[in-house]
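**Student:** Protein chains in written order, with the working numbering: chain A, 1 to 295; chain B, 1 to 271.
Read the hints as simulated data drawn from the structure, not as lab findings.
Take these hints with a grain of salt, some might be off.
To be verified - Only pairs whose alpha carbons sit at most 25 angstroms apart, straight line, appear in this in silico DSS-like list of lysine-lysine:
#, chain 1, residue 1, chain 2, residue 2
1, A, K291, B, K123
2, B, K130, B, K149
3, B, K216, B, K205
4, B, K137, A, K291
5, B, K149, B, K205
6, B, K216, B, K130
7, B, K78, A, K93
8, A, K291, B, K158
9, A, K290, B, K158
10, B, K81, A, K93
11, B, K158, B, K137
Stated by the list, open to error - Here chain B is said to cover these stretches of chain A; the calculated rule only asks that three of the stretch's residues, wherever they fall, bring their Cβ under 8 angstroms from a Cβ of chain B:
#, stretch
12, 159 to 165
13, 168 to 181
Stated by the list, open to error - Residues from chain B that keep clear of chain A, each with C-beta distances beyond 10 angstroms, as calculated:
#, residue
14, P58
15, V91
16, L94
17, E207
18, Q227
19, Y240
20, F247
Glycine is no exception: its CB is placed at the ideal position from the N, C-alpha and C atoms.
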Amino acid sequence: MQRRKLADKTATVVLTMFAAIIVIILTALLGYVLSLGIQQVNWDFLTSKSSSFRAGGGIQDQLFNSFYILLWTMIFTIPLGLAGGIYMAEYAKDNRITAFIRICIETLASLPSIVLGMFGLLIFVNATGMGYSILAGALTLTIFNLPIMIRTCENALRAVPLELKEGGLALGYTHWRTITRVLLPSAFPSILTGIILSCGLVFGEAAALLYSAGMTTPKLDFGNLNPFASDSPLNIMRPAETLSVHIWKVNSEGIIPDLRDVADGGAAVLVTVILIFNISARVFGSWLHKKLTAK
Amino acid sequence: MQAVLERELVEQQWTKEQQEVDLCLDVTDLSIFYGPKQAVKNVSMPIKRHSITALIGPSGCGKSTFLRSINRMNDGIKGFKAEGNILYDDVNLLDANIDPVALRKEIGMVFQRPNPFPNSILKNLTLPLKEHGLKSKAKREEYAETYLKQVGLWDEVKDRLHESALSLSGGQQQRLCIARTLAIQPSVLLLDEPASALDPIATAKIEELLLKLKEKYTIVLVTHNLQQAARVADDTAFFYQGEIVEFTDTKTFFQSPKEKRSEDYISGRFG
Ligand SMILES: Nc1ncnc2c1ncn2[C@@H]1O[C@H](COP(=O)(O)OP(=O)(O)OP(=O)(O)O)[C@@H](O)[C@H]1O
Ligand SMILES: [Mg+2]
Numbered sequence: 001m002q003r004r005k006l007a008d009k010t011a012t013v014v015l016t017m018f019a020a021i022i023v024i025i026l027t028a029l030l031g032y033v034l035s036l037g038i039q040q041v042n043w044d045f046l047t048s049k050s051s052s053f054r055a056g057g058g059i060q061d062q063l064f065n066s067f068y069i070l071l072w073t074m075i076f077t078i079p080l081g082l083a084g085g086i087y088m089a090e091y092a093k094d095n096r097i098t099a100f101i102r103i104c105i106e107t108l109a110s111l112p113s114i115v116l117g118m119f120g121l122l123i124f125v126n127a128t129g130m131g132y133s134i135l136a137g138a139l140t141l142t143i144f145n146l147p148i149m150i151r152t153c154e155n156a157l158r159a160v161p162l163e164l165k166e167g168g169l170a171l172g173y174t175h176w177r178t179i180t181r182v183l184l185p186s187a188f189p190s191i192l193t194g195i196i197l198s199c200g201l202v203f204g205e206a207a208a209l210l211y212s213a214g215m216t217t218p219k220l221d222f223g224n225l226n227p228f229a230s231d232s233p234l235n236i237m238r239p240a241e242t243l244s245v246h247i248w249k250v251n252s253e254g255i256i257p258d259l260r261d262v263a264d265g266g267a268a269v270l271v272t273v274i275l276i277f278n279i280s281a282r283v284f285g286s287w288l289h290k291k292l293t294a295k
Numbered sequence: 001m002q003a004v005l006e007r008e009l010v011e012q013q014w015t016k017e018q019q020e021v022d023l024c025l026d027v028t029d030l031s032i033f034y035g036p037k038q039a040v041k042n043v044s045m046p047i048k049r050h051s052i053t054a055l056i057g058p059s060g061c062g063k064s065t066f067l068r069s070i071n072r073m074n075d076g077i078k079g080f081k082a083e084g085n086i087l088y089d090d091v092n093l094l095d096a097n098i099d100p101v102a103l104r105k106e107i108g109m110v111f112q113r114p115n116p117f118p119n120s121i122l123k124n125l126t127l128p129l130k131e132h133g134l135k136s137k138a139k140r141e142e143y144a145e146t147y148l149k150q151v152g153l154w155d156e157v158k159d160r161l162h163e164s165a166l167s168l169s170g171g172q173q174q175r176l177c178i179a180r181t182l183a184i185q186p187s188v189l190l191l192d193e194p195a196s197a198l199d200p201i202a203t204a205k206i207e208e209l210l211l212k213l214k215e216k217y218t219i220v221l222v223t224h225n226l227q228q229a230a231r232v233a234d235d236t237a238f239f240y241q242g243e244i245v246e247f248t249d250t251k252t253f254f255q256s257p258k259e260k261r262s263e264d265y266i267s268g269r270f271g
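Produce the complete structure using the sequences and hints provided.
**Tutor:** Right, here's the structure in full:
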């Protein structure tokens, strides 16, 4: 009896310690990045163009590019991920083909993103001839994000209590209507949380974009909203350097005198945006869940 | 001569009685398999219209399996196979041509755990109606009121129709689920231990409701609660290991069961 109590106490202490270590590492890291970078970040930094050799450049275009590529990635990923998740959760039979699909998804999920970047270069950039572009970048990121999205949707659907699904079927809903009317609404909070979380992941991704969206941005005219114009920010066929690619580039081959400052500032912005994504995923998800369950 | 006449008379009466019994569902030689395992063995059970038929028996004896084959809820299970007949209006419900979706509109089901949709109380009734093509919103809400009244829930919820159905108590949720099922106007109600998750007061309300509903619906009720079967059922079927040990009117079953095993079960000697 004494011994069991002791074991229990020890386990609690050890586990708490590990948890504390993780929290310390995380806060130290965030604190470091933010404290270094926050002084650089001001309105001017966020809204001015980067410069290639003079000091005092901003990150306006890169910030826009990051969000814009994220938008397109989600436009591709969400429907595909939903379709895949619905298929895996509701239609896939328990057989070898399904097992094979599952292995494919898992392999895809574990591929290093630089490999996906190379794949993007080969297929989207070169084979289709679209060149370095937002579209190529978004498609590459879609492949990067799709396995996670499929799994998120599948798990969310599977987590809906069976009795709810049977409730729909017993009321004379077809299988498809049961999915759209009963399962998806119930799974919606978890799916949404998953989507926002993966937004953070996609937003911070650099390696997959180096050779797909490219490392340059043409001169952009934010007044030009014609998506076919070459200087329009909305043009998806133009190359686009994102914020994380920019940080990497400035750091590794930049020649501006204030490259440390720009990199630090950029990193602070990047981390802040990702934090916002993660926190809002939690807040939004639990708010929705509460709203649905009235608990 | 006299004897022959008498016998004929008796026989006539007997057939007449047979004809008078208005059957809603006539189950004959039903066998159900999950893969190699046989869960229901050669069961026959005539189920009378506008009556309550209770299915009792120890856990795992096949009550749910039997019940769920009536509205084909087991169709999706891997390895599931049903043989025999479940006649409903002279159609075999097990027939491959039967559309389970249409069938379930005709034969409704209520489950052990209340399963309202995570929507408002009102929407739990109006959404299925919309699903079944009732276009007018006013009509749907009118129906909702009717059926909430029918299950005795209206007065309890009329001021909070737009609150989440999950904010209701378990017993209220279960009555909401019954109302939701009634709203799509089935003629048969299948209930799988509808009160087993409820307290005695909520249970009493459900039982009272079932007695009222049997005037319009044919009810098949699975229950672990023998008193419940004795209180509400017209006929009782005792299942044991996939077979029907005894099927007779409830009074006879509980007062003078023919089978030793029924007697043992009623007196709590096993199960
Ligand atoms: N989906 C399934 N796959 C395989 N076997 C099953 C499945 N569902 C039930 N069975 C088996 O069929 C038999 C009958 O189960 P069933 O659920 O019909 O029993 P029950 O009488 O409803 O029991 P309970 O009173 O516990 O609800 C059991 O032996 C069970 O293990
Ligand atoms: Mg059961």
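**Student:** If a hint holds in the structure, say so; if it doesn't, say that too.
**Tutor:** Going through the hints against the structure:
no., hint, result
1, A:K291 with B:K123, "holds, 15 angstroms"
2, B:K130 with B:K149, "holds, 20 angstroms"
3, B:K216 with B:K205, "holds, 18 angstroms"
4, B:K137 with A:K291, "holds, 24 angstroms"
5, B:K149 with B:K205, "holds, 13 angstroms"
6, B:K216 with B:K130, "holds, 23 angstroms"
7, B:K78 with A:K93, "holds, 9 angstroms"
8, A:K291 with B:K158, "holds, 20 angstroms"
9, A:K290 with B:K158, "holds, 22 angstroms"
10, B:K81 with A:K93, "holds, 17 angstroms"
11, B:K158 with B:K137, "holds, 17 angstroms"
12, 159 to 165, "holds (count 3)"
13, 168 to 181, "holds (count 9)"
14, P58, "holds, 23 angstroms"
15, V91, "holds, 17 angstroms"
16, L94, "holds, 17 angstroms"
17, E207, "holds, 21 angstroms"
18, Q227, "holds, 26 angstroms"
19, Y240, "holds, 26 angstroms"
20, F247, "holds, 25 angstroms"
In the structure shown, no violation is registered for any of the earlier numbered hints.
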